[in-house]
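Chain by chain, the residues run as shown.
2 protein chains.
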Amino acid sequence: MKPATLKQIAEHLNISIPTVSKALKDYPDVSKKTKGLVKELAKTLNYKPNTFAVNLRTKESKTIGLIIPVIVHHFFSSVIKGIVAQAEKKGYLVIILQSNESYELEKKQIDLLLSQRVDGILISLANGTGDYKHLEDVISQNKPIVMFDKIAKIVKCTKVIINDRQAAYCATQHLINTGCKRIAHFRGALLPQNSIDRFLGYKKALLDNNLPYDPSLVYICECGDMSFEEGKKNARQLLKDHTHVDGIFINTDLVAIGAMTEFNNQGVKIPEDISIVGFSNWFMSSVISPTLTTINQPGYLMGKTAFKQLYKEIKKTKKKELINHKEIILKTELVKRESTKKEIL
Amino acid sequence: MKPATLKQIAEHLNISIPTVSKALKDYPDVSKKTKGLVKELAKTLNYKPNTFAVNLRTKESKTIGLIIPVIVHHFFSSVIKGIVAQAEKKGYLVIILQSNESYELEKKQIDLLLSQRVDGILISLANGTGDYKHLEDVISQNKPIVMFDKIAKIVKCTKVIINDRQAAYCATQHLINTGCKRIAHFRGALLPQNSIDRFLGYKKALLDNNLPYDPSLVYICECGDMSFEEGKKNARQLLKDHTHVDGIFINTDLVAIGAMTEFNNQGVKIPEDISIVGFSNWFMSSVISPTLTTINQPGYLMGKTAFKQLYKEIKKTKKKELINHKEIILKTELVKRESTKKEIL
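Going down the list, the sequences are from chains A and B.
Quick note on numbering: the first sequence equals residues 5 to 349 in the working numbering.
Quick note on numbering: the second sequence equals residues 5 to 349 in the working numbering.
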């Protein structure tokens with residue numbers, strides 16, 4: 005049965021359309037009896053309010069858009085959980101779009117979200133994004149946008165991040181404290197700010213400890229779909245290229261798990277021969293053998309915080325109040341497990 | 005800068021609004037010169053077509069909705085990847101909503117998708133869904149809907165599934181073939197068809213092999229957020245309740261990994277003391293130690309197939325052709341790994 009219209013209900017009861025509309029919304033100037041009749045008939049006739057029409061009037065859609073590079077990823081999945089949980093508390097629905105690390109797709113998705121009249125947008129940038137006009141368009145339309153994790157420093161909006169440089173420094177320092185002298189780094193792709201920052205943190209820890217920085221010990225991985233395989237490949241290459249590496253700081257856990265699998269296959273012992281620190285604290289890292297020392301990245305909290313900020317900005321925008329953009333930095337921590345030795349320093 | 009309107013462009017160039025609109029869409033009855041002028045000005049003034057208005061005219065939004073119980077789940081993540089990849093090929097954007105296993109939320113999300121005028125809906129049901137009026141509403145509005153994995157048999161629409169009963173039978177038969185005589189089952193929640201079917205497959209394999217079916221060997225887990233912990237808890241309880249269990253068929257890999265962790269902690273050897281078969285073939289299952297024997301569930305293919313079917317039905321609906329609902333059953337296979345012994349039968 006096709007849903008009924010307000011007009012059909014009005015004709016059935018021989019009352020005006022505005023009266024039907026008011027009755028359904030419990031306006032005080034409609035009698036209880038009429039309200040009862042209208043509501044019952046609306047139910048019987050399968051009447052559904054046109055949400056889009058409602059939106060145009062209240063100028064709120066109670067939906068927000070979320071653009072995320074990849075969903076099949078422990079960290080982003082946790083972020084999504086945090087966002088959805090918080091959004092639900094405030095009565096918002098979340099439209100999730102996956103950019104697949106593609107700048108072109110990300111642009112299209114921003115357009116889609118704007119045309120769907122979302123109240124605000126949460127975004128973590130694709131690896132391929134090096135131009136920010138699409139984001140500036142959102143801002144110029146006075147639509148709140150909050151970036152998280154993979155951000156662009158120069159875009160003027162609120163950002164929720166971690167201190168990637170400090171966390172990477174801490175991971176590398178731990179390897180040094182356990183006695184490692186020749187530490188490699190499997191870094192992320194070239195563009196994203198977080199992979200640049202993690203690389204810089206690694207480098208600074210070496211220099212601060214008077215260990216030489218050797219660019220040939222830095223391996224790149226795109227950290228996309230093939231993360232695990234890339235970890236294996238890099239580990240294989242490292243064993244070919246170098247003999248005295250005793251520690252590796254790896255940009256993300258899944259790559260680290262790939263590397264560990266390769267080392268296991270080749271009889272390289274972890275942590276006796278090579279110690280490994282990952283990044284993110286994927287659930288998997290706590291159940292593999294040996295368990296992986298890593299940096300805990302608070303995904304759920306990041307999602308929750310990002311939504312809370314966006315919500316505040318949506319409310320302020322509605323009241324035409326000025327928004328002060330913030331940069332919120334969440335804490336990370338080193339989780340010591342079996343893939344590194346005891347600290348001796 | 006706020007995006008310009010067609011009217012502003014028309015006024016600037018002193019031509020009519022329809023001419024501007026036609027020029028932007030490359031209609032042949034507008035001169036090249038005018039097209040050039042209009043397009044250049046549209047770019048300068050940051051003109052964006054109102055996608056929603058376009059939708060009302062073409063009656064296509066080129067977006068589809070996807071409702072999924074949980075995103076943080078290896079299987080569903082693979083399904084999403086399959087759907088998004090296929091949708092992109094056909095120029096469709098996918099709006100993803102997470103029902104969080106809640107029937108109430110699922111209903112709201114169906115309403116949202118309908119109000120957003122998606123061209124079709126893909127859905128895998130929440131554990132909490134036992135009533136299907138919201139889905140019948142979609143069908144009665146002549147909007148194509150395809151269900152996958154967690155389906156309701158009585159809803160009349162196309163379904164893409166696996167044969168859960170057969171796959172579970174095969175998993176249990178493998179345990180029997182390796183010499184297991186007293187086989188427990190950690191089943192999923194009570195409502196979903198797939199957890200019912202997996203339980204029935206387990207039971208039938210026992211009976212076909214003249215092994216007694218003992219209800220006290222069946223443990224339930226909701227398989228929600230706490231899957232890993234539930235696996236540990238069930239394993240702990242099973243060790244308290246029974247002494248001679250030598251095999252377990254477990255409804256999903258993450259629960260199986262939880263159980264294996266508990267057995268490891270308690271010194272129960274896998275597969276020597278207890279053999280384990282999981283379900284789904286999560287990536288993690290191939291990197292833990294021992295690696296987990298499991299049923300490979302083709303998530304990516306399921307997503308791809310579901311989108312392809314939906315696409316066909318969207319096209320048919322547009323042409324007002326009749327749709328023949330299909331039930332597509334994808335193949336599964338047993339992946340033998342270290343958590344079970346060699347087959348002796």
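It should be emphasised that the hints constitute simulated quantities derived from the structure, not laboratory data.
Treat the hints with care, since some could be wrong.
Which copy is meant is left open, because identical chains are indistinguishable; a pair holds if it fits in one copy or across any two.
[As the list claims (entries may be wrong)] Derived BS3-like pairs (lysine-lysine); straight-line CA-CA distance at most 25 Å:
1. K137 <-> K346
2. K47 <-> K322
3. K47 <-> K319
4. K160 <-> K322
5. K316 <-> K244
6. K11 <-> K236
7. K185 <-> K322
8. K207 <-> K340
9. K37 <-> K320
10. K137 <-> K47
These are the hints, each one checked on the structure:
With identical chains, the CA atoms of K137 and K346 are never at most 25 Å apart, being 48 Å at best within one copy and 60 Å at best between copies. Taking the shortest Cα distances, K47 and K322 never come within 25 Å of each other, neither inside one copy (33 Å) nor across copies (29 Å). Taking CA atoms no more than 25 Å apart as the test, K47 paired with K319 passes in neither setting, with 33 Å inside one copy and 31 Å between copies. For a Cα distance limit of 25 Å, the shortest separation of K160 from K322 inside one copy, 19 Å, qualifies, whereas the shortest one across copies, 43 Å, does not.
Proximity of K316 to K244 under the C-alpha cut-off of 25 Å is found in neither arrangement, the shortest distances being 53 Å within a copy and 51 Å between copies. In this assembly of identical chains, K11 and K236 lie within 25 Å of each other by CA distance neither inside one copy nor across copies; the values are 65 Å within and 58 Å between. Within a single copy, K185 and K322 get their C-alpha atoms no closer than 56 Å, and across copies no closer than 67 Å, so neither meets the 25 Å cut-off. In this assembly of identical chains, K207 and K340 lie within 25 Å of each other by CA distance solely inside one copy; the values are 21 Å within and 44 Å between copies.
For the homomeric pair K37 and K320, neither the shortest alpha-carbon distance inside one copy (39 Å) nor that between copies (45 Å) is at most 25 Å. Proximity of K137 to K47 under the C-alpha cut-off of 25 Å is restricted to the inter-copy arrangement: shortest distance 13 Å between copies versus 47 Å within a copy.
In this structure, the hints that do not hold are numbers 1, 2, 3, 5, 6, 7 and 9, in rising order.
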